[in-house]
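Join the two chains into one complex using the hints; note that each chain is given alone, in its own frame.
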Amino acid sequence: AQSVTQLGSHVSVSEGALVLLRCNYSSSVPPYLFWYVQYPNQGLQLLLKYTTGATLVKGINGFEAEFKKSETSFHLTKPSAHMSDAAEYFCAVSERKFYFGTGTSLTVIP
Amino acid sequence: KAGVTQTPRYLIKTRGQQVTLSCSPISGHRSVSWYQQTPGQGLQFLFEYFSETQRNKGNFPGRFSGRQFSNSRSEMNVSTLELGDSALYLCASSYQTGRDTEAFFGQGTRLTVV
Chain R
28 AQSVTQLGSH
38 VSVSEGALVL
48 LRCNYSSSVP
58 PYLFWYVQYP
68 NQGLQLLLKY
78 TTGATLVKGI
88 NGFEAEFKKS
98 ETSFHLTKPS
108 AHMSDAAEYF
118 CAVSERKFYF
128 GTGTSLTVIP
Chain S
4 KAGVTQTPRY
14 LIKTRGQQVT
24 LSCSPISGHR
34 SVSWYQQTPG
44 QGLQFLFEYF
54 SETQRNKGNF
64 PGRFSGRQFS
74 NSRSEMNVST
84 LELGDSALYL
94 CASSYQTGRD
104 TEAFFGQGTR
114 LTVV
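So the protein lines, in turn, are chains R and S. For the first sequence, position 100 (counting from the first letter as 1) is numbered 127 according to my numbering, and the numbering increases by one without interruption. For the second sequence, position 16 (counting from the first letter as 1) is numbered 19 according to my numbering, and the numbering increases by one without interruption.
Please note that the accuracy of each hint is not assured.
Claimed, not checked - To give an idea of the chain R side of the interface with chain S (calculated C-beta under 8 angstroms), a few residues:
| id | residue |
| --- | --- |
| 1 | Tyr59 |
| 2 | Gln69 |
| 3 | Gly70 |
| 4 | Leu71 |
| 5 | Leu75 |
| 6 | Lys76 |
| 7 | Gly89 |
| 8 | Phe90 |
| 9 | Phe94 |
| 10 | Lys95 |
| 11 | Ser121 |
| 12 | Glu122 |
| 13 | Arg123 |
| 14 | Phe125 |
| 15 | Thr129 |
| 16 | Ser132 |
What the hints assert, rightly or not - Pairwise CB distance ranges (calculated):
| id | chain 1 | residue 1 | chain 2 | residue 2 | range |
| --- | --- | --- | --- | --- | --- |
| 17 | S | Gly31 | R | Thr129 | 40 to 46 angstroms |
| 18 | R | Ser36 | S | Glu105 | 24 to 30 angstroms |
| 19 | R | Arg123 | S | Asn74 | 19 to 25 angstroms |
Derived by calculation from the structure, the hints in this document are not laboratory data. The beta carbon of each residue, even a glycine, is placed where N, CA and C say it ideally should be.
Bound-form chain S, shown alone (with noise of 0.2 angstroms):
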């Protein structure tokens, strides 16, 4: 069984920019959540989606929007690229919604802003 894949794996961008990251989720899974790693803040929770719908979001500014298609495939963007959007972008993908759910994440996507 695949796993959640995640692309592009790499991605330099200039400030003012903006960015569209893609992540495929294990075949069934209608769960996809995305996660923003720095050195300095960890990991923190951008927005999850759920049969296309937004069920959850994070306490980041507008700049991050997200979606989901009817595949469950997802994709994020950011606009507007900062130098502090520099980050590593996790997608993690389940089955289902819940609190005991176990999420699958992919390799991530790591973004440089310049």
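The shape of chain R in the complex, shown without the other chains (with noise of 0.2 angstroms):
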């Protein structure tokens, strides 16, 4: 069974500060995994995704995230945020649908 955990429903951060999202999951079969943002009455915007490959993928907006196998994680972080990444952002592991974790709200501080 997959299933995803995000530690942490809000985080903020000063601007100009680390932004770290966590993720943890659980997947029978090795996981795909994805990191989507959701911008207020909007829909989920895809940031980044794991496959196969290298561990350390690169997405949008200088958004990354490291698949770590042996910690079950896919944390999402960005060195310098800025204040257009307010915004709700959920980690979700694929297995012929999307297995969304409850979701982490950012808030950024100026």
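And the structure:
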């Protein structure tokens, strides 16, 4: 069975600070992992995905995530937060459908 | 290239009524999936259609149904609406089915049941 746990439903960072959003997964097969972002009253936009190959994945808007099999993690990071990064972030594992985490709301403090 | 289009964006319905939501996928995409998003339950999978066939179904009651047309456009229908059906309904389209396939989401239809 597939599942995703996102630790921290709310994360606040100062503008320019490191962003770290945590995601742990459970999967009975090699996981395909995704991060999506949702802005208010919008749908989900793909930030990045891991399927196979390089474990450090770079995405849009300066985000990246590292797949760590030993830790069953796929944490999302960005070196320097921008005000425009304030949004809801969802980690997901794919198994013919997406299993989403409960989301992390990111607040960026000016 | 146009994105995924969902209509209408907002709906208000009364308990017991039925509602139909529409989704036009990205041109060339043959897979359409539907998700329900609520504050309490998060994002939950409803069903997936590929080439007019339902390929996968989530754990929702039979009041929730869907279909896909030959042009890949999809509709979902909810009958006998309940207050708990109030949610953001998201449609996602993909070029194909598969675990590594990226899904492109529409802006959603916000359904309010009163």
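These are the hints, each one checked on the structure:
no.: 1; hint: Tyr59; result: holds (5 angstroms)
no.: 2; hint: Gln69; result: holds (6 angstroms)
no.: 3; hint: Gly70; result: holds (4 angstroms)
no.: 4; hint: Leu71; result: holds (4 angstroms)
no.: 5; hint: Leu75; result: violated (10 angstroms)
no.: 6; hint: Lys76; result: holds (6 angstroms)
no.: 7; hint: Gly89; result: violated (19 angstroms)
no.: 8; hint: Phe90; result: violated (15 angstroms)
no.: 9; hint: Phe94; result: violated (13 angstroms)
no.: 10; hint: Lys95; result: violated (19 angstroms)
no.: 11; hint: Ser121; result: holds (5 angstroms)
no.: 12; hint: Glu122; result: holds (6 angstroms)
no.: 13; hint: Arg123; result: holds (6 angstroms)
no.: 14; hint: Phe125; result: holds (7 angstroms)
no.: 15; hint: Thr129; result: holds (5 angstroms)
no.: 16; hint: Ser132; result: violated (11 angstroms)
no.: 17; hint: S/Gly31 with R/Thr129: 40 to 46 angstroms; result: violated (33 angstroms)
no.: 18; hint: R/Ser36 with S/Glu105: 24 to 30 angstroms; result: holds (25 angstroms)
no.: 19; hint: R/Arg123 with S/Asn74: 19 to 25 angstroms; result: holds (23 angstroms)
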